[in-house]
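Since chain L is already given, all that's left is putting chain F on it; use the hints.
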Amino acid sequence: MKAVKTMLSEAQIIRYSRHILLPEVGGRGQEKLLASKVLLVGAGGLGSPAALYLAAAGVGTLGVVDGDAVDLSNLQRQVIHKTADIGMLKVESARETIRQINPDVQVDIYPEFASADNIERMLAAYDVVIDGCDNFATRYLVSDAAVLLGKPYIYGSILRFDGQAAVFAPPQGPCYRCLFPQVPPAGAVPSCQEAGVLGVLPGIIGLIQATEALKILLGVGKPLIGRLLVFDALAMEFTILKVARDKKCPVCGDAPTIACLSAENYRQAPCTVDESENQR
Amino acid sequence: MKIYLPSPLRRYADGAKEIPVVGVCVREVFLNLKESHPSLFAQLWDEEAGNLKKYLNVFVNDENIRNLQGPDTPVEEGDVLSVIPAIAGGSSR
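If you read the protein sequences in the order shown, they are chains L and F. Quick note on numbering: numbering that gives the first Met the number 0 labels position 104 of the first sequence as 103, and the sequence is numbered without any gaps. Quick note on numbering: numbering that gives the first Met the number 0 labels position 54 of the second sequence as 53, and the sequence is numbered without any gaps.
No lab work stands behind these hints, which were simulated from the structure alone. Mixed in with the good hints there might be a few duds.
Anything over 10 Å on all C-beta distances counts as not near chain L; from chain F, calculated [stated by the list, open to error]: (1) C24; (2) R26; (3) W44; (4) E46; (5) G49; (6) G69; (7) G77.
Below, computed lysine-lysine pairings styled on DSSO-like, alpha-carbon distance capped at 27 Å [claimed, not checked]: (8) F:K53 with F:K16; (9) L:K241 with F:K1; (10) F:K52 with L:K246; (11) L:K241 with F:K52; (12) L:K247 with F:K52.
Incomplete in silico selection of chain L near chain F, CB under 10 Å [said to hold, decoys possible]: (13) C132; (14) R159; (15) G162; (16) R226.
Fair warning: this is a prediction, and the values are worked out from it, not measured in the lab. Glycine included, every Cβ here is placed at the ideal spot set by N, Cα and C.
In isolation and in its complexed conformation, chain L is listed as follows:
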C-alpha cells in the first residue's frame, strides 16, 4: 500500500487518532483543523466549553476576546477558569488552560471588549466566529461584522434553563438580524446576571457551537444554517425551527443599509429590570 504523505507528527497522529479514524475527518481533515482559525467572542459560559473542546480537537489557532477578569461568581459555569484564576484576565486564564490541554494550539488573546472599532480587525484573520457574549449590542455587532466580512457566525445564547443555537452564514441562509430584526427594549429581557442560568446549560450550547464550527471547518454534515435550535433543559427537549433570510434585512438583504459598523448603532442598552421582571 502506498504511504499517504502527511504533515502530522507522530505525536499528532496519536493525539488525533480518534479523529483520523473517522472517514469524515481523516489525516487531511485533521491537517485542515490545525490550519484553521476560530475567533471566540467572550471567554465566559459559552466560550469556555467551546474553547476547551476546539483546543482538544486541534483547531490550530484560537482567538479569545474578553475584557473581563475572572470573578468568583463565574466559576459555577465558566469551566476554562479555576479558583486560583480569580482576578486574572479571562483571556490569560483561558490561554493558560488551552496551553495545558494542547500545545499545538496557538492562542491569540484580545483583552478588550468587542466594539465597532476593533471587531473587523480581529475577525478578519479568522475562518469563523463563535459568539459567546452576554448582551444584545455585542451580538448585533459581531453578527453584522461577520456578514460584512463574509465569515460564518456561530450563534449561541442562554438564559435560565433555555438555550438557542444557529449558524448564520448569508447568503447561504439568514443572519441574526433576519431572525431578530428588533433589539428588545431595555429591561424587556433579563440577563443571566439578573435572571440566573443553570450551570451546565452553557456547556451544552457552547459545545453545539463548537460542533458546528468543526463541521464548517471540515466541510462535513449539515450545519444549522436556516435553522434555529431551541433547547429546553427542564423538559430536556431540543426543537428545530426554520429561519428564512429576510430580503429586506438591513445588513444581508437585497438592498442593505448597513455597509459599515458605526459605534452609535451598537450602544449597550441598560439592563435594569424591575423586581417582578427579575423573577422570571
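Just chain F, lined up with the frame of chain L:
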C-alpha cells in the same frame, strides 16, 4: 392546540410549559389570552400596535409566522405555537 412557552415566560402562566389555546388564526389565539392569562398577554402583545411585540418570534409548528401570513396565519387543532424571544446571555458575567 397549544402555545409553548420558554422558561422566562412561564411565571406568567403558573409555571406551565405549554398552555391550551383556541382560535382560528394566530392573532385570535393571542387575543384570547387576554382573558385567560392577562399577565402573559401583556408580555406578548403590544396593545398600542395591535400586534405581537416585535422582538418576539412566533412559530406555528416549525414555521415563523413572518414567513407565513403574520398574525393572520390560520391555525388548526393539533398545531403547536412557539414563542421564541431574543435572549442575549452568554453567561460572561
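Here is what the structure says about each hint:
1. C24: Since the minimum Cβ distance to chain L is about 19 Å, C24 (chain F) lies beyond 10 Å and the statement holds.
2. R26: Non-interface label stands for R26 (chain F): nearest chain L Cβ at 19 Å, farther than 10 Å.
3. W44: Fine: 13 Å to the nearest Cβ keeps W44 (chain F) off the interface.
4. E46: 15 Å, holds
5. G49: The claim holds: G49 (chain F) sits with its nearest Cβ about 16 Å from chain L, beyond 10 Å.
6. G69: G69 (chain F) clear of chain L: closest Cβ-Cβ about 13 Å, beyond 10 Å.
7. G77: 16 Å, holds
8. F:K53 with F:K16: 22 Å, holds
9. L:K241 with F:K1: 19 Å, holds
10. F:K52 with L:K246: This hinted pair holds, its Cα atoms lying about 21 Å apart.
11. L:K241 with F:K52: Roughly 20 Å separates the two Cα atoms, so the pair holds.
12. L:K247 with F:K52: 19 Å, holds
13. C132: 5 Å, holds
14. R159: At about 5 Å, which falls below the 10 Å cut-off, the nearest Cβ of chain F leaves the hint on R159 (chain L) intact, so it holds.
15. G162: 8 Å, holds
16. R226: 9 Å, holds
Comparing the model with each numbered hint stated earlier shows that all of them hold.
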